[in-house]
Amino acid sequence: MPPLTDDAIDQLFRNARTHRWWDGRPVGEDTLRAIADLAKLGPTSANSSPGRFVFVVSPEAKERLRPHLDEGNVRQTMSAPATAIVAYDTEFYEKLGFLAPHSKDARSWFAGKPDAIERAGFQGSCLQGAYLIMAARALGLDCGPMGGFDRAGVDAAFFPDGKTKSNFLINLGYGLPEKLHPRQPRFAFEEFCTIA
1 MPPLTDDAID QLFRNARTHR WWDGRPVGED TLRAIADLAK LGPTSANSSP GRFVFVVSPE
61 AKERLRPHLD EGNVRQTMSA PATAIVAYDT EFYEKLGFLA PHSKDARSWF AGKPDAIERA
121 GFQGSCLQGA YLIMAARALG LDCGPMGGFD RAGVDAAFFP DGKTKSNFLI NLGYGLPEKL
181 HPRQPRFAFE EFCTIA
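Letter 56 of the sequence shown, counting from 1, is numbered 56 in full-length UniProt numbering, and no numbers are missing.
Keep in mind that the hints were calculated from the coordinates and are not lab data. For glycine and all other residues, C-beta sits at the position ideal for the given N, C-alpha and C. Just to be clear, a hint being listed does not mean it is correct.
As the list claims (entries may be wrong) - Mimicking PhoX-like on lysine-lysine, the simulated pairs with C-alpha atoms at most 20 Å apart in a straight line are:
| id | residue 1 | residue 2 |
| --- | --- | --- |
| 1 | Lys-40 | Lys-165 |
| 2 | Lys-95 | Lys-165 |
| 3 | Lys-113 | Lys-165 |
| 4 | Lys-179 | Lys-95 |
| 5 | Lys-113 | Lys-62 |
| 6 | Lys-165 | Lys-62 |
Claimed, not checked - The following label-pair restraints were derived from C-beta to C-beta distances:
| id | residue 1 | residue 2 | range |
| --- | --- | --- | --- |
| 7 | Pro-182 | Lys-95 | 17 to 25 Å |
| 8 | Ala-188 | His-102 | 37 to 45 Å |
| 9 | Gly-72 | Leu-4 | 15 to 23 Å |
| 10 | Leu-4 | Phe-98 | 28 to 36 Å |
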């Protein structure tokens, strides 16, 4: 397949930034569904798709989230049109018969193996959360991913069955570019990469 245009790469990477201030435009359900439909296409181990997303948009849901946010994240999250709770299902392997039909024993790779469940769940939800960021950017939204919150509190408020664990949050909306700080430094290739 041909490479993306420079404009598309700019939108996804070069000009994309972590936003904390929003212009107030809502993010509708159709857009959230479109983001999720794109994000679900990215690869995960054995197609296990352990990621679970809760899009927090209603005032009531925002108030359930508020007490679990670190103080420095309250304003940006409460003012964001939507906040995605990126989480993972600790029983994701029960769906492998559907998700990985080519492998008759995929469930056995995880069932009864808490370390394997935790690794694949956490790793897969990290990937799926990153796909969600890229999908949102591709559809013209800005993102503000963050980890500053009480996971146990969020889990109790949004996942009371105890089977799903929160990983990180992503505020979604239309950012105010004038509120951005200059981009922070990044490593040179040699500082974080080797070619073996």
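Of the numbered hints stated earlier in the document, which are not met by this structure? Violated hints: 4, 5, 7, 9; rest satisfied.
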